[in-house]
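Number of protein chains: 2
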Amino acid sequence: MSEKTTQSWTDDPQPLLRAGEGFRLDDVDPKSTPGYDGNKKSGRQDLKTSVPELADLQERLFAAHHDEESGPAVLLVLQAMDTAGKGGIVRHVVGSVDPQGVELASFKAPTKKELAHDFLWRIRPRVPGPGMIGVFDRSHYEDVLIAKVRGLADGKEIGRRYKAINAFEAELAEAGVRIIKVMLHISPDEQKDRLMERLDRPDKYWKYNPSDVDERLLWPDYMKAYQAVFEATSTEIAPWYVVPGNRKWYARLAIQRLLLNALRTIDPQWPGADFDIEIERERLAES
Amino acid sequence: MSEKTTQSWTDDPQPLLRAGEGFRLDDVDPKSTPGYDGNKKSGRQDLKTSVPELADLQERLFAAHHDEESGPAVLLVLQAMDTAGKGGIVRHVVGSVDPQGVELASFKAPTKKELAHDFLWRIRPRVPGPGMIGVFDRSHYEDVLIAKVRGLADGKEIGRRYKAINAFEAELAEAGVRIIKVMLHISPDEQKDRLMERLDRPDKYWKYNPSDVDERLLWPDYMKAYQAVFEATSTEIAPWYVVPGNRKWYARLAIQRLLLNALRTIDPQWPGADFDIEIERERLAES
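So the sequences go chain by chain: A and B.
Residue numbering for the first sequence follows my numbering, starting at 8 and increasing by one per position.
Residue numbering for the second sequence follows my numbering, starting at 8 and increasing by one per position.
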């Protein structure tokens with residue numbers, strides 16, 4: 008952990024945010040800032056300070072592995088209630104590294120064609136290749152969240168899907184994909200304020216959908232469905248992290264840190280020359 | 008044109024860079040900065056100054072059109088000799104807007120499967136959808152550049168491809184895609200310096216390929232092939248721009264400006280509410 012990146016961190020947030028054994032979503036305060044002692048101003052500054060390291064690690068990952076048939080990759084899965092700030096994570100955290108090394112997949116309500124296949128069918132082709140950072144803006148977890156809350160699948164089918172997800176993620180991990188699953192957690196009041204803002208600003212109307220309120224009315228059911236997801240799918244190889252989201256600056260900083268930790272663990276190295284440097288210098292000089 | 012974005016521009020660079028009637032690639036000085044009176048420092052500052060406008064226009068384009076079946080999009084085609092700085096354009100210009108509104112396609116040497124199809128087969132699915140900014144890092148033009156220089160296709164076939172390209176691009180323009188085709192133009196000496204740097208720095212080895220020198224030895228043939236491409240495919244609806252690339256800061260600034268101009272012409276507007284705002288305020292307040 009380099010000194011530059013830890014100005015206002017008191018602890019590595021990763022274990023604090025992890026949905027492990029005995030985790031209760033109800034106990035998480037969406038306004039809290041686990042492991043961080045600073046404020047909005049220092050948070051923004053610390054986010055900026057870590058960009059060079061994140062960009063360097065991303066470039067190394069890409070350089071070392073993007074041409075390989077198999078190799079390490081990172082997959083950030085983002086799930087949340089509406090307005091929680093997924094877009095801001097993509098823009099301000101993921102957007103700070105080279106777009107050439109990022110694969111972004113946004114999963115909307117499945118199409119008729121997608122529904123005709125198993126729920127993982129549309130997910131598999133979007134898994135990041137070696138050397139890449141993949142981001143899922145919503146994911147296969149919709150199929151055990153909205154599907155459960157809305158009764159689109161019965162309990163037995165939801166149970167089958169949990170197992171299928173765990174098997175799928177184990178397969179990815181085996182192939183070298185480090186999976187970071189994040190639930191951005193805001194409070195219902197915060198969501199109300201953010202939705203209201205969308206109704207107050209003509210440049211935000213496009214982000215508002217009347218169905219957002221319908222989903223909002225099911226808030227307790229969604230929280231139960233998330234809790235069940237954590238219990239069924241927060242595994243050793245693909246743990247869930249619940250990131251308090253009322254303070255956008257904290258969520259961005261925390262997720263940047265989860266990415267940094269994953270990349271530091273991969274510790275990608277600049278690949279050596281697979282050519283004779285001296286010969287190439289001569290060829291180039293003569294050209 | 009807002010005042011903020013024109014500090015050191017003396018002229019709109021777009022007409023100055025355009026490969027129009029009578030254009031000669033030989034006449035372009037790769038060190039020049041057409042339409043711009045500043046230096047590296049002011050160039051970097053001016054690039055930064057225009058980011059908010061570019062990001063705002065990009066967000067409007069996305070908001071207004073990304074859910075439509077058809078509608079405006081922007082396609083930036085980047086072609087260049089090795090080391091000219093395509094990656095820097097993607098990172099520093101395109102990378103300054105929301106990644107969710109960008110579709111990046113990088114075209115390498117075609118696979119066996121791709122070669123079994125017409126050369127446009129792999130290109131078509133990568134055309135940006137409505138509301139998106141697409142970037143082609145290399146493109147269908149490889150099939151009339153390296154293909155010509157390396158004799159992978161005869162003169163008749165190259166002629167057929169020019170026509171197929173013009174028909175394809177006319178079809179895209181008809182569908183609302185604004186096409187900006189850019190050749191980043193560096194000098195052979197500048198390329199030599201940049202390749203040499205890749206041989207001097209272990210963190211750059213991965214960017215070096217001995218075949219770069221082979222291609223470099225064919226420089227005059229490539230310049231002839233580019234000249235022929237401009238003559239055959241710099242059309243009204245999809246003109247070519249030759250952007251001097253020895254000064255990276257200028258190339259970035261100029262291409263940012265081409266993107267700004269295209270987006271300003273589309274002039275995307277925030278979409279109106281397709282719901283009753285008052286009713287939604289009430290529903291939300293009660294929720």
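Careful: at least some of the hints might be erroneous.
Mimicking DMTMM-like on lysine to aspartate or glutamate, the simulated pairs with C-alpha atoms at most 25 Å apart in a straight line are [claimed, not checked]: (1) B:Lys214 x A:Asp63; (2) A:Lys214 x B:Asp144; (3) B:Lys119 x B:Asp144.
Derived from the structure by calculation, the hints contain no laboratory data.
Since the model is a prediction, treat every value here as computed from it, not as a measurement.
Starting from Lys214 of chain B, check that the Cα of Asp63 of chain A is at most 25 Å away, please.
-> Within the cut-off at roughly 15 Å; holds.
Given the hint that Lys214 of chain A pairs with Asp144 of chain B, test it: the Cα-Cα distance must not exceed 25 Å.
-> violated, 31 Å
Given the hint that Lys119 of chain B pairs with Asp144 of chain B, does the C-alpha gap stay at or below 25 Å?
-> Holds, at about 20 Å.
Checked against the numbered hints listed earlier, the structure breaks hint 2 alone; every other hint is satisfied.
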